[in-house]
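> Chain residues, written in single-letter form:
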Amino acid sequence: MKQEKLDKTPARLDFTQSITGLILAIFIMGHILFEASILISKEMMYKVTIMFEGYYFFGETYPGIISFLAGFIFVIFIVHAGIALRKFPDNYRQHMAMKRHTLGMKHEDTYLWIIQLSTGFLMFFIGSVHLYMMIAEPSDIGPYASSYRVVHEMLAPLYFLLLISVITHAFIGLYRLALKWGFMEGKNTKVSRARYKLLMRVFIVVYILVGLASLAKYISIGLEHDYSAGVKKYESQTIKMENH
Amino acid sequence: MSKDKAPRILKIDILRFDPHDPEDFPSMERFEIEESHGMTLFIALNDIREHHDNSLKYDFVCRAGICGSCSMLVNGRPTLACRTLTSKLDEHITLAPLPLFELIGDLSVYTGKWMRGLNEKLETWIHDKENELNVDKLEEKMEPELADEIYELDRCVECGCCVAGCGTIQMRPYFKGAVGLNKIARYHLDPRDKRSDEEYYELIGNEDGVFGCMTLLGCEDVCPKDLPLQSKIAYLRRMMLKTAVKN
Chain A
2 MKQEKLDKTP
12 ARLDFTQSIT
22 GLILAIFIMG
32 HILFEASILI
42 SKEMMYKVTI
52 MFEGYYFFGE
62 TYPGIISFLA
72 GFIFVIFIVH
82 AGIALRKFPD
92 NYRQHMAMKR
102 HTLGMKHEDT
112 YLWIIQLSTG
122 FLMFFIGSVH
132 LYMMIAEPSD
142 IGPYASSYRV
152 VHEMLAPLYF
162 LLLISVITHA
172 FIGLYRLALK
182 WGFMEGKNTK
192 VSRARYKLLM
202 RVFIVVYILV
212 GLASLAKYIS
222 IGLEHDYSAG
232 VKKYESQTIK
242 MENH
Chain B
19 MSKDKAPRIL
29 KIDILRFDPH
39 DPEDFPSMER
49 FEIEESHGMT
59 LFIALNDIRE
69 HHDNSLKYDF
79 VCRAGICGSC
89 SMLVNGRPTL
99 ACRTLTSKLD
109 EHITLAPLPL
119 FELIGDLSVY
129 TGKWMRGLNE
139 KLETWIHDKE
149 NELNVDKLEE
159 KMEPELADEI
169 YELDRCVECG
179 CCVAGCGTIQ
189 MRPYFKGAVG
199 LNKIARYHLD
209 PRDKRSDEEY
219 YELIGNEDGV
229 FGCMTLLGCE
239 DVCPKDLPLQ
249 SKIAYLRRMM
259 LKTAVKN
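Protein sequence lines, in the order shown, are assigned to chains A and B.
For the first sequence, position 29 (counting from the first letter as 1) is numbered 30 according to the working numbering, and the numbering increases by one without interruption.
For the second sequence, position 188 (counting from the first letter as 1) is numbered 206 according to the working numbering, and the numbering increases by one without interruption.
Careful: at least some of the hints might be erroneous.
Chain A regions said to be covered by chain B (calculated; three or more residues, Cβ under 8 Å) [said to hold, decoys possible]:
{"no.": "1", "stretch": "82-93"}
{"no.": "2", "stretch": "99-106"}
{"no.": "3", "stretch": "183-197"}
No lab work stands behind these hints, which were simulated from the structure alone.
Small disclaimer: the values here were computed from a predicted structure and weren't measured.
No residue lacks a Cβ here, since even glycine has one placed at the ideal position from N, Cα and C.
Using the sequences provided together with the hints, build the complete structure.
This is the structure we're talking about:
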């Protein structure tokens, strides 16, 4: 019928927003658990750190790998944020329309979107700071180095805000993603939605608790450890590195 | 109503405005009426018109949730007044007309005009060039399951609740809304409609269509007919993506 080609961009944008969100959410689920290794022991956290620095693959550590990974995540983060921007209210009239609607409706999933919007906006800034630091100073990760950063470089407030925003954003995002594309929906979609929502709530609570516990642990190490001789590398009891 | 308990006095605040009167401006007016057993908002509004103010404008036809005329914002949420029991509400009730639609006066809005525009834009009728307008020809048979599935989506009464409950459309009025997307899902299911996936993509494969939906699910949660809107929008999204990848 029509000769012109279909404009595929809207489909591409929608899909890219979803897939980058999915990648970032999965990344965060791993990230919070890996950093929580400090709750087991300093030794455990050290082992996780050197694993990401490639020790178990190459026999020595390359913090550059962390820079590369953080850079990769940063690119996905920017693409996701850039595409998601098209959903933001982009003028005062739209902003007021949404505000009036949200306050009038008192509807849970509309609130969830408002949370997505606010946490997303917040993370433009605090997420970028964190990612840039990881790219620039990849070797400053470890039981003592991370704790120093948290306490003495005043990053605890930033990490606290980032933790709350990223966890709520990620799990609300996954819930909305499942409903957006009809992922694994059962015959009764009301039941599958209720299940997804329950899962979302459980994950948000569990991950925030785990994240806060780790942050508290880093703060306590940062406060107790003696940094008078500078931030020295953690000395492992089991792994001896020749070039360190 | 049990004998030992005095009936509640409902305080109903109604947003009054006549857009055709240049002197008038929007204001809330309170009416107090006695609640009766099994009272719906339809009965309450009739009571107000009969005993308090006969100039109150609101729409009703079937008073049984079939015609879709009596949709309004009840305490901020769109719903059908005839299916809303006052006993389920607090004694203080706020009523306002649906947003976005042309206001006729008070609670009465012109949903029909908006819906007609939408239907014309989306061409919500069977497209079959080969058998155009042959009313004598017997229709092809259809599996009962498929007929049921189509009928399920055809239950939409165009009341406009999903439109008023949608945050996306409040911000971006060109968005087709769940009512439009549901209709496309309905015609896409129908084997008598010969439109290709590409032709459907032309209709809704954009940000005024399915890719504009932000999954706030207001539509799904306020639909008085309980249509599976979330699941149908997801289905269209997958289908449109597939069409884009295929081309």
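> None of the hints should be skipped; say for each whether it holds.
Each hint tested on the structure:
{"no.": "1", "hint": "82-93", "verdict": "holds (count 3)"}
{"no.": "2", "hint": "99-106", "verdict": "holds (count 7)"}
{"no.": "3", "hint": "183-197", "verdict": "holds (count 4)"}
In the structure shown, no violation is registered for any of the earlier numbered hints.
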